[in-house]
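Residue numbers for the sequence shown, in our numbering: 1 to 115.
Treat each hint with caution, since some may be false.
Here are the simulated DMTMM-like cross-link-like pairs (lysine to aspartate or glutamate), alpha carbons at most 25 Å apart as the crow flies [as the list claims (entries may be wrong)]:
| hint | residue 1 | residue 2 |
| --- | --- | --- |
| 1 | K36 | E49 |
| 2 | K111 | E97 |
| 3 | K26 | E49 |
| 4 | K54 | E29 |
| 5 | K36 | E60 |
| 6 | K53 | E43 |
Per label pair, the in silico range of CB-to-CB distance [what the hints assert, rightly or not]:
| hint | residue 1 | residue 2 | range |
| --- | --- | --- | --- |
| 7 | K46 | I6 | 43 to 51 Å |
| 8 | L98 | E72 | 35 to 43 Å |
| 9 | A108 | E51 | 18 to 26 Å |
To be clear, the hints were calculated from the coordinates, so they are not data collected in a lab. We put the beta carbon where it would ideally sit given N, CA and C, even for glycine.
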Amino acid sequence: MNVFGIGLPEMALIMVVALLIFGPKKLPEIGRSLGKAIRGFQEASKEFENEFKKEAERIEQTVSQPMEAKLETPSSRKALAPTASTEPEAEAAEPTELAEAVEAEEIAEEKVVQS
């Protein structure tokens with residue numbers, strides 16, 4: 001019998017030392033609490049493993065589902081392509097509007113520096 005790399009003689013020695021340290025009255029109580037802790041750890045481990053497997057299956061299903069590819073036909077490209085317009089480009093903003101915007105930014109920067 002080999003549990004956690006500890007053989008039967010080592011386990012017997014550990015039990016004797018525990019009996020001497022804790023005494024016969026507390027030993028069953030300690031064993032019970034140790035058993036509950038181990039059981040709780042095993043349940044948490046199984047729950048984690050189940051959640052991990054569920055998530056892995058979900059990802060696998062997502063990857064294995066065929067992707068729907070929609071091919072563009074030449075007619076759909078023409079509909080999406082911008083048409084050449086005969087109208088002139090939009091005129092640039094007037095110089096006064098640009099000057100006002102720059103001036104407003106400079107005033108805002110001065111207020112920040114002064115505060």
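Hint check:
Note on K36 and E49: the hinted pairing holds, with a Cα-Cα distance of about 20 Å set against a maximum of 25 Å. Simply put, K111 and E97 have alpha-carbon atoms about 21 Å apart, close enough for the 25 Å limit, and the pair holds. Between K26 and E49, the direct Cα distance comes to roughly 35 Å. Violation of the 25 Å bound is thereby established for this hinted pair. About 38 Å separates the Cα atoms of K54 and E29, which puts this hinted pair outside 25 Å; it is violated.
Using a Cα cut-off of 25 Å, the hinted pair K36 and E60 is violated, with the two alpha carbons roughly 36 Å apart. At most 25 Å may separate the alpha-carbon atoms for a hinted pair to count; K53 and E43 meet this at roughly 15 Å. Here the CB-CB span from K46 to I6 is close to 24 Å, at odds with the stated 43 to 51 Å. At about 41 Å, the beta-carbon gap between L98 and E72 stays in the expected band of 35 to 43 Å.
For A108 and E51, the Cβ-Cβ distance of about 53 Å falls outside the hinted range of 18 to 26 Å, so the restraint is violated.
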